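Put together the whole structure using the sequences plus the hints.
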Amino acid sequence: MYDDLKDKSYGELLEIVASHQHKPLCAQYLFTFIHQKDATEIDAVTPLPKAFRRQLTSEGFVISSINPLGQHNDPDGTVKFIFGLGGGAKIESVRLKDGDRNTLCISTQAGCRMGCKFCATGQLKFQRDLTAAEIIDQVYHAETVCGRISNLVYMGMGEPLDNFENVMRSIEILNDKRGRNIGVRHITISTCGLPEEIAKLAAQQIRPRLAVSLHAPNDAIRSKLMRVGNKFPLEDIVNALRDY
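Counted the way the working numbering counts, the sequence shown spans residues 1472 to 1715.
Quick caveat, the hints were computed from the structure, so don't treat them as lab data. Treat the hints loosely; a few may be bogus.
Simulated crosslink set (SDA-like; lysine to any residue; CA at most 20 Å straight-line) [to be verified]:
| hint | residue 1 | residue 2 |
| --- | --- | --- |
| 1 | K1588 | P1704 |
| 2 | K1508 | V1610 |
| 3 | K1508 | G1618 |
| 4 | K1702 | A1670 |
| 5 | K1596 | Q1507 |
| 6 | K1648 | I1658 |
| 7 | K1551 | T1615 |
| 8 | K1561 | N1544 |
| 9 | K1561 | D1633 |
Pairwise CB distance ranges (calculated) [claimed, not checked]:
| hint | residue 1 | residue 2 | range |
| --- | --- | --- | --- |
| 10 | L1705 | D1545 | 33 to 41 Å |
| 11 | K1521 | L1567 | 37 to 45 Å |
| 12 | G1548 | K1648 | 27 to 35 Å |
| 13 | R1619 | R1678 | 18 to 26 Å |
| 14 | I1553 | E1486 | 30 to 38 Å |
| 15 | I1692 | P1518 | 54 to 62 Å |
| 16 | T1517 | L1705 | 53 to 61 Å |
These figures come from a predicted structure and were not determined experimentally. Backbone N, C-alpha and C fix where the C-beta goes; we use that ideal spot for every residue, glycine too.
Structure representation (structure tokens):
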């Protein structure tokens, strides 16, 4: 069993460092090397004492790296990335080009529980939630190919708010000034409309932009297209959005 340092927020790295009786500066080294310099091995974090690096490794700590399987480039600048996950699952992310802006649409789950009839992912069997590290690694890999990502949209495979904790952890890490420092105004969560999770999102310290996919003007039509429409009427979604 391993423990992924890429999955940790800066605060969590501080706790790990403190538990090993090292100075807080070591947490900054770890976070910066992982999230600015794209380190994929603990030994690559050279400012850390060698004995501490060995200790972390012996205790099962790792720095994970997503497995790119391929990409497809369209003439209009769109790039589709395909990644492999443990257990044989595959996910996709898509870079959209608009002038100088690079927007990346990223996945949050392998498969999806929502079952929307018009969505190809919704017809797939749900396999699992992505970890925060697997979410942010889509960004890091895309930047090696396309350059700096200026806008992020959580709108790939899966329902972001159905993987709430890992999505919020990934946003916290990507927004951190010690790492990629992607402004929260440049991050959008796209959801099919989960009122309780929207309310939970409204209570967070970090609040990204929010887009809701309705796909129908009323509950009768929406419930035929989207299974979630049978559980949450539009009125509940609108009320949650007012609070947001």
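Pair hint K1596 and Q1507, alpha-carbon separation not exceeding 20 Å: violated (35 Å)
Hint check for P1518 and I1692 - Cβ pair distance inside 54 to 62 Å: holds (58 Å)
20 Å Cα cutoff - pair K1551, T1615: holds (14 Å)
Outcome for the supplied range 33 to 41 Å, where the beta carbon pair is L1705 and D1545: The hint (33 to 41 Å, Cβ to Cβ) holds, given that L1705 and D1545 are roughly 35 Å apart.
Given pair status - V1610, K1508, alpha carbons within 20 Å: Roughly 13 Å between the alpha carbons, so the hint for K1508 and V1610 holds.
Agreement of K1508 and G1618 with the hint, judged by alpha carbon distance not exceeding 20 Å: At roughly 14 Å apart (the allowed maximum being 20 Å), G1618 and K1508 satisfy the hint.
Proposed proximity, A1670 with K1702 (alpha carbon, max 20 Å): Holds, at roughly 16 Å.
Cβ separation of I1553 and E1486, checked against the hinted range 30 to 38 Å: holds (35 Å)
Distance restraint evaluation - T1517, L1705, Cβ atoms, bounds 53 to 61 Å: Roughly 55 Å apart at Cβ, these two residues keep to the hinted range, so it holds.
Hint consistency between K1561 and D1633 [alpha-carbon to alpha-carbon, up to 20 Å]: holds (18 Å)
Pair hint K1648 and I1658, alpha-carbon separation not exceeding 20 Å: holds (15 Å)
Cβ distance range 37 to 45 Å for K1521 and L1567, holds or violated: Since K1521 and L1567 have Cβ atoms about 43 Å apart, the given range 37 to 45 Å holds.
Going through the hint list in order, the structure does not satisfy hint 5, though it satisfies all others.
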